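Taken in order, these protein sequences are the chains called A and B. Going by our numbering, the first sequence wraps up at 248, each residue one higher than the last. Going by our numbering, the second sequence wraps up at 248, each residue one higher than the last.
It is worth saying that the hints were derived from the structure and are not from the lab. From a predicted model like this one, the values you see are computed outputs, not experimental measurements. Hints should not be assumed to be uniformly reliable.
If several chains are the same, the list does not tell them apart, and a pair holds so long as it fits within one copy or across any two.
[Unchecked claim] Under the rule of at most 27 angstroms between Cα atoms (straight-line distance), these lysine-lysine pairs were calculated in the BS3-like manner:
1) K227 x K32
2) K227 x K243
3) K227 x K107
4) K125 x K148
5) K243 x K132
6) K148 x K35
7) K32 x K243
8) K227 x K197
9) K35 x K227
10) K148 x K176
Letter by letter, the chains look like this.
Protein chains: 2
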Amino acid sequence: MIRIGLIGTGNVAIALAREMYNHEIITIVQIIGKDQNKLPKDLIHIPFSNQFNSLPTCDVVLIAVSDNEIQNVSNQLSLTDTVVAHTSGASSIDLLSNHQHRGVFYPLQTFSKQQHLNWSEIPILWEGNNKLVNEKLKTLSQLLSPLATQIDEKQRFSIHLAAVVVNNFTNHLYAEAHHFCKSEHINFDLLVPLIEETTRKIKQLDPRESQTGPAARGDTQTIQRHMAIPMTKELSDIYSLFTSQLLEKSNENI
Amino acid sequence: MIRIGLIGTGNVAIALAREMYNHEIITIVQIIGKDQNKLPKDLIHIPFSNQFNSLPTCDVVLIAVSDNEIQNVSNQLSLTDTVVAHTSGASSIDLLSNHQHRGVFYPLQTFSKQQHLNWSEIPILWEGNNKLVNEKLKTLSQLLSPLATQIDEKQRFSIHLAAVVVNNFTNHLYAEAHHFCKSEHINFDLLVPLIEETTRKIKQLDPRESQTGPAARGDTQTIQRHMAIPMTKELSDIYSLFTSQLLEKSNENI
């Protein structure tokens, strides 16, 4: 049995708790957070405390808090033999430098309280500062996902940037399109099959090769017609930037 | 039986031919195009011609060619009682003004030769210039999809713009992220579960409310760390624009 101490009550902590508490080999011995009420009802049976010094003996402590709180939390933990790891894609392992055995355990996914995710599809990118940490984090991550991968800090920061692009920025495009449709009295749901197909395509094709649309084919007439439609400043700026980048690429292909 | 004449051998024409040729109630009497070899093998048994005047009698002629060829094709068709419709989201019905019965039959989806799509999930947005056209296009589109919707030109141009945003622009984000990962020796496939989850979320939540990430939470430290990573000019411009728009929204929420 791998005994986990979990610090945090946010989306990542909740997703970890859901998966680990009922796991055959992993168990959560305690969750530490400011307020137990932040946990959903299905996690209410896990031992909870708001005192850092109450943590029972465990193999790995996972710090799943906001990036700017990691160091503060780490400094409040006085542990000697325990592996301490944070779950952030964008924070250095050095934030845990008061611990002899430190690591990173970064699940590359977007979490929300409502959604119960299948961990076998979540890449877990891990890093340790010594052999003992590497062994423990490798075992832990492989128990949760076949997509567990050791990765160094430079690559982790890079993949975090790429994740921001494909998740946060894509969602921002959806949000702008959603807002635009509302203002034009168009049902946004009509676009959902198209969005799903766009996603399906990336599993089969290099997205650069499957690029379609007016800008990619240099269709300036359609672009002019689009630009005559009233848009918010945000959408208009996005339209201009993406169209000019895609037009440039279409010229390269001639 | 509804008899269709289909003009074109591109992705939209192929997708229509695949769905219509084996349909119980619809049939394709002929495909007209420049080169039969452009059709995939599974469509080789459909009658084909490169002569516009060879078209047998049919109920509806669908012009599924590039936007800038629609008018030219329309002018070459001398038909009196037949409904003639183009399949473009971004072109006016007026391109077919030489026909008494004209319409638009726009399937809102991205098509590729390889992919066999489920038409029951494709919104078909149609428009006619008179009652007869409306009746024929309504029947035809409803036979193919429960998401058939009558829509006027203004709304069609708007939804086409929104489609460009959620499909072409999203794919451009994927392409830039793909290129970036390659240059950093990161396996892009690690991002696929995240992309899939981002798509799943829009079915349940307003994308504006589910926006996450460093910019949305005003995490300038992480943003600075990202901006220190070498990127192409394209990705860097996208990063700056999206981050500033999301930071602005995060300030509005404070």
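key: Within, between, both or neither: K125, K148 at alpha-carbon 27 angstroms   = within (19 angstroms within a copy, 64 angstroms between copies)
message = For K227 and K243, with the copy left unspecified, which applies at a CA distance of at most 27 angstroms: within, between, both, or neither?
response = both (24 angstroms within a copy, 13 angstroms between copies)
request  = First find the shortest C-alpha distance between K227 and K197 inside one copy, then the shortest across copies, and answer within, between, both or neither for a cut-off of 27 angstroms.
outcome  = between (33 angstroms within a copy, 26 angstroms between copies)
message = With identical chains, the pair K32 and K243 could be close in the same copy or across copies; at 27 angstroms between alpha carbons, which is it: within, between, both, or neither?
response = Cα proximity of K32 and K243: across copies only (25 angstroms, versus 48 angstroms in one copy).
ask   = At most 27 angstroms between C-alpha atoms: does K148 with K35 qualify within a copy, between copies, both, or neither?
value = neither (38 angstroms within a copy, 48 angstroms between copies)
ask   = Between the shortest in-copy and the shortest cross-copy C-alpha distance, which are at most 27 angstroms for K227 and K32: within, between, both, or neither?
value = This pair counts as neither: shortest intra-copy Cα distance 37 angstroms, inter-copy 42 angstroms.
message = For K35 and K227, with the copy left unspecified, which applies at a CA distance of at most 27 angstroms: within, between, both, or neither?
response = neither (42 angstroms within a copy, 47 angstroms between copies)
ask   = Can you tell me if K148 and K176 fall within 27 angstroms by alpha carbon in one copy, between copies, both or neither?
value = For K148 and K176, only the inter-copy Cα distance (14 angstroms) is at most 27 angstroms; the intra-copy one is 41 angstroms.
Within, between, both or neither, where K243 and K132 count as close if Cα-Cα is 27 angstroms or less = Neither: 42 angstroms inside a chain and 39 angstroms across chains, both beyond 27 angstroms.
message = Regarding K227 and K107, is the shortest C-alpha distance of 27 angstroms or less found within a copy, between copies, in both, or in neither?
response = neither (32 angstroms within a copy, 36 angstroms between copies)
In summary, the numbered hints that this structure violates are 1, 3, 5, 6 and 9.
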